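Engineer: One letter stands for each residue in the lines below.
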Amino acid sequence: MTAPRLDPPARVLVTKIGLDGHDRGSRIVAAFLRDAGMDVIYTPPWQSIAGVVKLAIEEDVDAIGVSSLATDHLIVPQLVERLREAGLGNIGVVVGGIVPADEQPALLRAGVSAIFGPGASRDEIVQHVAAIAARARAERDADLREVTS
Amino acid sequence: MTKEAIQLSLPGFDQDYAQWRADYTRQIGVDRHIVNRSGIEIQPLYTPRDWDGSRYEPDLGFPGQYPYTRGVYPTMHRGRTWSQRQLIGLGTPEDYNARVRQMLAAGATAISFLPCNSGFRGVDCDEVDPLLLGTCGTVSNTVDDMEVALDGVPLGEISTAMNDPSPFTLLAFTLGVAKRRGVAWERISGTSNQSDYLSHFIANHMFYRLSLPGSRRVLTDHVAFCLERLPNWNPVSVVGQHMQQAGATPAETVGFTFSTALQYAEDCVARGIDIDVLLRRFTFFFDISISFFEEIAKFRAARRIWARLARERLGAKNPGSWRFKFHGQTSGVDLTRQQPLNNIARVTTQAMAGILSGLQSMHTDAYDEAVATPTEETARIAVATQNILREEAHLCDVIDPLAGSYYVETLTDQMESEILAVIARIDAAGGMYKAAESGLVQSMIGDSALRYQDKIERGEEKVVGVNCYQLADEESAFRPTERPDPSRMKAHVARFKAFKESRSRGAVYRALAALARAAQDEKDNVFARVVEAAEAGVTHGEIVGCLRKELGFGRPLIVA
Chain A
1 MTAPRLDPPA
11 RVLVTKIGLD
21 GHDRGSRIVA
31 AFLRDAGMDV
41 IYTPPWQSIA
51 GVVKLAIEED
61 VDAIGVSSLA
71 TDHLIVPQLV
81 ERLREAGLGN
91 IGVVVGGIVP
101 ADEQPALLRA
111 GVSAIFGPGA
121 SRDEIVQHVA
131 AIAARARAER
141 DADLREVTS
Chain B
1001 MTKEAIQLSL
1011 PGFDQDYAQW
1021 RADYTRQIGV
1031 DRHIVNRSGI
1041 EIQPLYTPRD
1051 WDGSRYEPDL
1061 GFPGQYPYTR
1071 GVYPTMHRGR
1081 TWSQRQLIGL
1091 GTPEDYNARV
1101 RQMLAAGATA
1111 ISFLPCNSGF
1121 RGVDCDEVDP
1131 LLLGTCGTVS
1141 NTVDDMEVAL
1151 DGVPLGEIST
1161 AMNDPSPFTL
1171 LAFTLGVAKR
1181 RGVAWERISG
1191 TSNQSDYLSH
1201 FIANHMFYRL
1211 SLPGSRRVLT
1221 DHVAFCLERL
1231 PNWNPVSVVG
1241 QHMQQAGATP
1251 AETVGFTFST
1261 ALQYAEDCVA
1271 RGIDIDVLLR
1281 RFTFFFDISI
1291 SFFEEIAKFR
1301 AARRIWARLA
1311 RERLGAKNPG
1321 SWRFKFHGQT
1331 SGVDLTRQQP
1341 LNNIARVTTQ
1351 AMAGILSGLQ
1361 SMHTDAYDEA
1371 VATPTEETAR
1381 IAVATQNILR
1391 EEAHLCDVID
1401 PLAGSYYVET
1411 LTDQMESEIL
1421 AVIARIDAAG
1431 GMYKAAESGL
1441 VQSMIGDSAL
1451 RYQDKIERGE
1461 EKVVGVNCYQ
1471 LADEESAFRP
1481 TERPDPSRMK
1491 AHVARFKAFK
1501 ESRSRGAVYR
1511 ALAALARAAQ
1521 DEKDNVFARV
1531 VEAAEAGVTH
1541 GEIVGCLRKE
1551 LGFGRPLIVA
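Listed in order, the protein sequences are those of chains A and B. Be aware that the first sequence starts at 1, since it is given in the numbering used here, and climbs by one per residue. Be aware that the second sequence starts at 1001, since it is given in the numbering used here, and climbs by one per residue.
With the rest of the complex left out, here is chain B (with noise of 0.2 Å):
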């Protein structure tokens, strides 16, 4: 018997309880029904009534061990704390290159990429308004223009996350550079950050550049070719912050992004690839919200679930396969416009409940996001965010240190269930590619959304500054935007343009060639033709161009 069951037999707790429930009662009056993000009813108390700990083994067991809800290594934070890796990219080559440095040496351990919005409609830099480039991210089109990027940044050492959906020319320039330095490819360490093409169609039409099939012709060629030529590199990243993002629940997430990930792993098994060897290189990416609890039970179910998913439905026999790692983002869409310094705070309780979650990546948003790219001091304080928890706070000492509460056990075990339902409904669909094409998940999505923005407008969900504690002026507080220097980007663009002239037309004219006969070929790969296109000089906008005109346009599946 364990010792809260031995509390539980003890003959006053049945009195002591029913007293407690008696005063509760008289002195709260009219209680307030709450209810979290998920849908599950938040009560005033829990007991050993609500969490026993009688399945302490099957379900949580140790740090490193199945199934993992208590961490995914044995030492977690006390052993090694989270990456930090914050999302940058602005403007030209150049300035990504001297921003970069500023973050590693403001204790960065870990970098990201992200490129301009023209790079993610898959066109370059001289096919757009120039009002529109490098304004969220930085123009990277070609090998030439990462070289620039990547200046001083010792690939091979430093993991990279490149931002970047099918075909992932981002990384082609990156093994470009890497070949030109002399860096072996097996050292190149990173995640393709967005490789989730599902989460694109469903949640984030940001990202998708290529149609339905031809994303997942392109991902599945990607993984095959990472796994073989990159022992470090992680191809698949499966995306829950869109999801998460675009309204759905937090359980309603962890169910979309395990389903996805399903998904994936069937069709890489399908291809012959190895279950071990493929899952062992899986990453995920979700947001944290602000909902603090809701989020650590989110996790700790997470792990849970994954590590039974991956061991008995996928059949992986690794225990590498079973664990459950993820890159934390805090969430923007908690953050708010009205009296912005207020973000810190949000940001920073964001941050705590992704530690005690126990994160494997951060990155904490800046104050200014709910209204702009945030600036170099911005970014700068959101990296010290984390340096104060995790120095400072001294959340890193001990390993889960909310198990055990009767509140956060029995929060998990719910959030388990909210999530197994939703996996259940996408598997009675027929799987999330067959869930997605016909829009079921994007119309729950959509409901999730308008409900939790109805219980705001009531005022049901209260937001400081926006529905209550208001104050009168308050937009002072911003710095002027900062937007690319124009004659920076004026001679960027011209740079590019002389570089189209210069290069070797015939090679160019071979490696699209190539590229187009490998679209068509099933059993060619199609990412190992990017690579070899971006060495030979292809920029960005000829790859993307020539793989939509042979695999189709990425367009919305379901509008409105």
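In isolation and in its complexed conformation, chain A is listed as follows (with noise of 0.2 Å):
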């Protein structure tokens, strides 16, 4: 099934938070989600869960990827809680990189939608990514609809 395309484009932060600087996937998925049609804002690596939350604001995000393949996927729920404290939990949260098999359940609980690990295919990263930003997007439609009718 192909996930319906965004009109405005769907809005898709691609970042790395913490400590880790290996940053060729994120490059390579930012590279996929815009030939698929999608506004990709890409940051480098090191971003604060903080800056990212600020980010995700100012962009009007419909979803967020975060790499990681050296741990920071550990601190990936903190961006999840503080993105819920800010008003954002309908944005969609993607991690892709290398999260080991017994450390993804935890991240899962915490609202990450999908953990996309070394492999994955173009097809299935840019299916999913649409997917969890059309939902943001129409939730966040239904939220503006009841603030302004």
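Hints listed in this document are in silico derivations from the structure and should not be mistaken for laboratory results. Small disclaimer: the values here were computed from a predicted structure and weren't measured. Positions of the beta carbon are idealized from the N, C-alpha and C atoms, including for glycine. Nothing false has been slipped in among the hints.
Which bits of chain B does chain A cover? Going by a derived footprint, with three or more residues having C-beta under 8 Å, they are:
| # | region |
| --- | --- |
| 1 | 1242–1253 |
| 2 | 1329–1340 |
| 3 | 1445–1456 |
To give an idea of the chain B side of the interface with chain A (calculated C-beta under 10 Å), a few residues:
| # | residue |
| --- | --- |
| 4 | 1116 |
| 5 | 1135 |
| 6 | 1137 |
| 7 | 1200 |
| 8 | 1465 |
| 9 | 1467 |
Using the supplied hints, reconstruct the complex from the two chains, each of which is provided in its own coordinate frame.
Structural biologist: Here's what the structure looks like:
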């Protein structure tokens, strides 16, 4: 099933939080999403959690992709929590990179929608991000209608 | 006339070759178009028509003789096999010490030190989220920490590789430990493994701490200090690994790496360092991918090219300067999360390519590196893989055993042409420093990375368990991930804070002031002041912080 293409296009933040600087994956995925027609906001590595929340607000994003190759996934639950506190709970958060199998459930429980490991295909990633972006957009549109009607 | 050339002139050759060609075409049906990672088309058969041996002397020669295609030493692995150097680092200094003692007992003949990610970012352990401490490397911020980490390790007898970029605080801490133990610095041997700042800016943003010009300054000072004070230390390891891991093809990797080495050599010569003193201590660090013959051809071509660059272009006179000595690490990029035990077979294949290429030092990846930092058991299997290839498979009996293969020699020549074309392109851009500053190299690597990913996506490159031979349930093979013990890490951070309180504030202040002054004085040596600061109790984060203020913070030059 192909996820609906948004108009205006889905806005996706591709970022890295914490200490890891391995950015081949985040750059490749950013290119995948851009080529699939999404508006990609790309950051260099080492963003602070507060900085990502601020950027998510300023750039009005529908989804956030966090790449972690060297254990920064351990602080992703903190990011999800801060987003929720900032009223951005409906933004989809997806993690890509290396997350050991036994540490994945904690991320999913925290609200991460999916974890893409090495070998994940371009299609799976694009489809999933498009779907969570569409859902986030719909929820936020509904919220907006509620306030304005 | 060589023996091969005589065979070529035999009347039957042309006829038999034409017959084979006809039979092949008839039976193969639609032939596959095979292109290696460097873009070279691979033929189904190679013959004396492709490589006739007529250039044996100028292009190959003998082991230990210019141009060193067959090996940099006369005896190669028959005399001395490679150093078995596994990358290790986890948890607190105590954790590192326990692991390093096990690795030495298991047969490792050299050690390496990988700092914690907080160290790579240039901060101390009390400045980051404790969840991220010691998860990928060892926390080591002071001489005291290093003393614990190296307890029982015979400094002065064993070679140590420090995976530590500018301003090289880990080496400074190690020198502090040596001084406390009374080990003469002249006896300290090893390598500054992450000294290649250009590769960090170009291909691996994990490692840079200082601005591009700041990194250039500190590296040159580091080289000058080491050549004068540490005669057994290799201050420069030019790292092709980062470029290949970031997606450069094997040929591009060697081209970029040599362009980088030329840049460092020119910078050091400009500072007044003698080229022959410098090049004798140059080492290289490369990835060994699973593209078996391509890797072997890559390294054989690299030896020949480096010998010619060092002698003809840099004007080095001493044969020791012409030798391309390299550490190889089996490529983690080829490893898969799926069916993880398969990675043992991949690492074995990569290691064979490295050994047949004549490497000087090797790290074999643990099979779980695609998903985690290796455990004790997986690290032990990685070392055992090397032992098996050396002891049981007899891979070290013959020097450069694939030489003379029509295929390997043809491919070596072709890889050489590709590599030289890359070097020419960087030369045209004004050298590696300028080519990194302008983003040229980054975009070349980005294009190659995407091209290769596309080949995997289209199924042109097969990866077992990823785009073919997939299995359903495969996650269960992994043990629980080892994480540093939170209470021990907490105690370590508390000790670190107490240490900072206990120091002589005056000594710390004076050392940092001297460091800051050195950064602004081209005639002073920044690394010499780093070493003094370490001895005075200044921490890693304080040293990096001071130099960032003086020389600029490292930032990505080009993004996306």
